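Protein chains: 2
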Amino acid sequence: MLAITIPTHTCVWNSAIPSVFDSAFDLSWIKNHLTDSMFQGTRDYNPKQMAIREKVFNTIVSCFKRHGAETIDTPVFELKETLTGKYGEDSKLIYDLKDQGGELLSLRYDLTVPFARYLAMNKITNIKRYHIAKVYRRDNPAMTRGRYREFYQCDFDIAGQYDAMIPDAECLKIVHEILSELDLGDFRIKVNDRRILDGMFAVCGVPDNMFRTICSTVDKLDKLPWEAVKNEMVNEKGLSEEAADQIGVYVGGMDLAERLLQDQKMCQSTQACAGLTDIKLLFSYLQLFQVTDKVVFDLSLARGLDYYTGIIYEAILTQAGVAPVAPETSNEAPTEECVTVGSVAGGGRYDGLVGMFDPKGRKVPCVGVSIGIERIFSIMEQKAEASTEKIRTTEVQVMVAAAQKNLLEERLRLITELWNAGIKAELMYKKSPKLLSQLQHCEESGIPLVAILGEQELKNGVVKLRNVATRDEVDISRADLIAEIKKRTSA
Amino acid sequence: MLAITIPTHTCVWNSAIPSVFDSAFDLSWIKNHLTDSMFQGTRDYNPKQMAIREKVFNTIVSCFKRHGAETIDTPVFELKETLTGKYGEDSKLIYDLKDQGGELLSLRYDLTVPFARYLAMNKITNIKRYHIAKVYRRDNPAMTRGRYREFYQCDFDIAGQYDAMIPDAECLKIVHEILSELDLGDFRIKVNDRRILDGMFAVCGVPDNMFRTICSTVDKLDKLPWEAVKNEMVNEKGLSEEAADQIGVYVGGMDLAERLLQDQKMCQSTQACAGLTDIKLLFSYLQLFQVTDKVVFDLSLARGLDYYTGIIYEAILTQAGVAPVAPETSNEAPTEECVTVGSVAGGGRYDGLVGMFDPKGRKVPCVGVSIGIERIFSIMEQKAEASTEKIRTTEVQVMVAAAQKNLLEERLRLITELWNAGIKAELMYKKSPKLLSQLQHCEESGIPLVAILGEQELKNGVVKLRNVATRDEVDISRADLIAEIKKRTSA
Chain R
20 MLAITIPTHT CVWNSAIPSV FDSAFDLSWI KNHLTDSMFQ GTRDYNPKQM
70 AIREKVFNTI VSCFKRHGAE TIDTPVFELK ETLTGKYGED SKLIYDLKDQ
120 GGELLSLRYD LTVPFARYLA MNKITNIKRY HIAKVYRRDN PAMTRGRYRE
170 FYQCDFDIAG QYDAMIPDAE CLKIVHEILS ELDLGDFRIK VNDRRILDGM
220 FAVCGVPDNM FRTICSTVDK LDKLPWEAVK NEMVNEKGLS EEAADQIGVY
270 VGGMDLAERL LQDQKMCQST QACAGLTDIK LLFSYLQLFQ VTDKVVFDLS
320 LARGLDYYTG IIYEAILTQA GVAPVAPETS NEAPTEECVT VGSVAGGGRY
370 DGLVGMFDPK GRKVPCVGVS IGIERIFSIM EQKAEASTEK IRTTEVQVMV
420 AAAQKNLLEE RLRLITELWN AGIKAELMYK KSPKLLSQLQ HCEESGIPLV
470 AILGEQELKN GVVKLRNVAT RDEVDISRAD LIAEIKKRTS A
Chain H
20 MLAITIPTHT CVWNSAIPSV FDSAFDLSWI KNHLTDSMFQ GTRDYNPKQM
70 AIREKVFNTI VSCFKRHGAE TIDTPVFELK ETLTGKYGED SKLIYDLKDQ
120 GGELLSLRYD LTVPFARYLA MNKITNIKRY HIAKVYRRDN PAMTRGRYRE
170 FYQCDFDIAG QYDAMIPDAE CLKIVHEILS ELDLGDFRIK VNDRRILDGM
220 FAVCGVPDNM FRTICSTVDK LDKLPWEAVK NEMVNEKGLS EEAADQIGVY
270 VGGMDLAERL LQDQKMCQST QACAGLTDIK LLFSYLQLFQ VTDKVVFDLS
320 LARGLDYYTG IIYEAILTQA GVAPVAPETS NEAPTEECVT VGSVAGGGRY
370 DGLVGMFDPK GRKVPCVGVS IGIERIFSIM EQKAEASTEK IRTTEVQVMV
420 AAAQKNLLEE RLRLITELWN AGIKAELMYK KSPKLLSQLQ HCEESGIPLV
470 AILGEQELKN GVVKLRNVAT RDEVDISRAD LIAEIKKRTS A
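Residue numbers (our numbering), protein chains in the order written: chain R, 20 to 510; chain H, 20 to 510.
Here chain R stands alone, though its shape is the one from the complex (with noise of 0.2 Å):
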């Protein structure tokens, strides 16, 4: 039932070495920056960038209200002491604001810690919700991976106390949903359990205070080579060599993480055990849920974050979509590493994060998964350039032209009795527009229809009909005509 994935540390995806994916990333990223009126690091969307992340959320958050999820919204800054001691090493990259005489403030980090507090605050045992927001981190944005330091986050979360892995199952599921219908390629889902890693810890002779920033370099592993992650949790971080090399052991490749199952040493770790029994409830749920072609266990996942507490999972795309990469390869082989666009997707269970709000320390347990939009827009943004069709970045169904000068007013009479009747029309702002240059501006952004007045129309009580992609055009009488668009620019 378990698929056993073989982490490769011969091919990895090594920050100082572009790959030609990067590269892809690398111009727009540049070509959006190369200006000194706007901070490194953010980014603003145009029209089209917009059109393209509706959809997407369109997608995303159609899948979470399927999945029966409310909304809730926090403030873009929290009091700075509910963001310490969360993030673990990642806490210098946390954004403070300027104390100008009052609290001190910095920059949401992620929505799940917001998340926690607004559970503990309102005492709120239970609910299923999701949050679109953007978050902040004071990243050095380097120049070749596409990073930002404002991105979105999409974050889907289960709270409470119900029967193991079956809200944690529905998270994979959302992921797997969400990621088949955005058609972004094939992809994978690792998933993990921090029981399993910290009984492998424990069991490796690593100290129990070291578990958390050991977990945080062993994170590296799909990013650096296992020589330059054993060097920094040796001779940064303070760890026994022994110690390493047992690590190295068990994230090292497949046979080890089979035997791991029935590892007699493994066991006597209760935490282990009881992790690598939820791992196998939760392929089962999975099996029902008609995912597990996605879903593989990994060893080596272990998710730079403090708060995960049980399973934690991460998505990866396994095909670089449209850039220009090196040809894939079908099975489960090194080489497919190197095609990797990195994580698109991740989460896991957190069943500690909203006692530390709560000033009895009363636990909601926790799970959930946050989509890594950004990536997903730039593939999508990508794919777009790529195609042929033509992105619209208005809905507007009719264009209220005239056809000689000095109409002025009857178009503005024509396109309110439009806009009344809840059609999108726009008019061009000039007194005396040109009829050319109004049909050249239907063209150029999609308007599909043209509502022509002339001196002619207006004395018959008619408005020429024109369709922008046939040139088509045909009277209408005024009385009919607001049916007659309704009845063309219906879907």
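Check before you lean on any hint, since a few could be wrong.
Copies of the same chain look alike in the list, so a pair counts if it fits in one copy or across any two.
[Stated by the list, open to error] Under the rule of at most 16 Å between Cα atoms (straight-line distance), these lysine to aspartate or glutamate pairs were calculated in the EDC-like manner:
no.	residue 1	residue 2
1	256	246
2	84	414
3	449	182
4	453	182
5	142	63
6	450	182
7	299	428
8	249	238
9	153	169
10	450	297
11	424	182
12	99	115
13	153	63
To be clear, the hints were calculated from the coordinates, so they are not data collected in a lab.
Values in this document were obtained by computation on a predicted structure and should not be read as measured data.
Use these hints to put chain H onto chain R, whose structure you have.
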């Protein structure tokens, strides 16, 4: 054609004496903020508030799209220098980020300055765009006024060199449409022109370099009595008493305002003349747009911001909606001002702002409007609380329930079918939930249908479909279930 308001200084909304309506705001505000795990002046939105917010945003966005607008997004922070010198006296309310090594950043104060920066940076000379996002002001959150330090703005702007007053009139048409559709009760849109104000200041003897600061004092006339406004002009800002009295004569009453249109002295000011001519043209377009019923020319309207250069406007609700206030009077008498709930939209023309960001100072004329969405939310929330209709916070169509124990696997299998068919469904995250508690959850959260599985149903290949409201139950074959649910839940 021009309706003229009577500025009333006898009956004012003085923040020192909270009105009944203020108290209504007051309570919910305090309730939301009596906590110390959150920063004063910010708030969370709970699922019920979010459902209302979504509805309001949908109405507004539909209107913007009906008028052919695209949308853009900009970062929450801008370079500090981008915001410097754009807001006059209000600049002290800008939030700065801590200098953590790098550029000096500030949180955006509105959406207009980032829009202007965006246009200049991308050399865009015409666009019609909307932008809905949060902005930040380091205001002293007045507990009596329901003001927030983080709040939404919904902006619609038209940039481009066009014939006079056509886009300006469309902005007012949009305000009229939105306030009508949201059904917030009666409203007025006050209109003035900065050039008329400046012309008036000139003929009253205000020194050129004091125009903007006197302007922001005049703007307080809707909240402070004339004596307080005069006092600020003379004693705080050093204006001569004669000039102040002259201003008082112009903004003080109807007959004077009307006379102004023929006033010889005023017409010596080219600026004022141009403003008055444009106001006339504007009203002729507004008549074609059928919105003159709500629009009034009000010489006492000044608006605080520095960047306006022409037409300015502000919409106010003239009845307090659901708040317990004194009965509304139907005429334009002074008492009407007493039940004003304040500005719900405002904007104007700012032809110089984009040029401030262009290295060569190239100007892009702009006109826009900002919807004061937070007040609208408050009113809609009060309306919702007063109404008997329950607000749903999810869109779940069907609950997958079990009539007996140990049917978790069967429920997971069924809900997978439903989700995969696009049906919004949920189940309880328990192995063996009680039927009663499953039905109760439906009643509480407004789920209309329950698909009940029991041993008998499984044996017969059917599902018992229950209508929660009527309690009718009927067996449906598994093959027909999805079609039946879709049929029953299509609006």
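For each hint, the structure was consulted:
1. Within a single copy, residue 256 and residue 246 get their C-alpha atoms as close as 14 Å, which meets the 16 Å cut-off; across copies the closest is 70 Å, which misses it.
2. Only between protomers do residue 84 and residue 414 lie at most 16 Å apart by alpha-carbon distance; the minimum there is 6 Å, versus 24 Å within a single protomer.
3. Proximity of residue 449 to residue 182 under the C-alpha cut-off of 16 Å is restricted to the inter-copy arrangement: shortest distance 5 Å between copies versus 66 Å within a copy.
4. Proximity of residue 453 to residue 182 under the C-alpha cut-off of 16 Å is restricted to the inter-copy arrangement: shortest distance 14 Å between copies versus 69 Å within a copy.
5. In the homo-oligomer, the alpha carbons of residue 142 and residue 63 lie at most 16 Å apart only across protomers (14 Å), although the nearest pairing inside one protomer, at 38 Å, exceeds that limit.
6. In this assembly of identical chains, residue 450 and residue 182 lie within 16 Å of each other by CA distance solely across copies; the values are 6 Å between and 68 Å within a copy.
7. In the homo-oligomer, the alpha carbons of residue 299 and residue 428 lie at most 16 Å apart only across protomers (15 Å), although the nearest pairing inside one protomer, at 72 Å, exceeds that limit.
8. For a Cα distance limit of 16 Å, the shortest separation of residue 249 from residue 238 inside one copy, 12 Å, qualifies, whereas the shortest one across copies, 66 Å, does not.
9. In this homomeric assembly, residue 153 and residue 169 come within 16 Å of each other (Cα to Cα) both inside a single copy, at 6 Å, and across copies, at 14 Å.
10. For the identical chains of this complex, residue 450 and residue 297 are inter-copy neighbours only, at 15 Å across copies versus 71 Å inside a copy, given an alpha-carbon limit of 16 Å.
11. For a Cα distance limit of 16 Å, the shortest separation of residue 424 from residue 182 across copies, 14 Å, qualifies, whereas the shortest one inside one copy, 73 Å, does not.
12. Taking CA atoms no more than 16 Å apart as the test, residue 99 paired with residue 115 passes in both settings, with 7 Å inside one copy and 15 Å between copies.
13. Taking CA atoms no more than 16 Å apart as the test, residue 153 paired with residue 63 passes in both settings, with 13 Å inside one copy and 15 Å between copies.
Every hint, counting from the list given before, is met by this structure.
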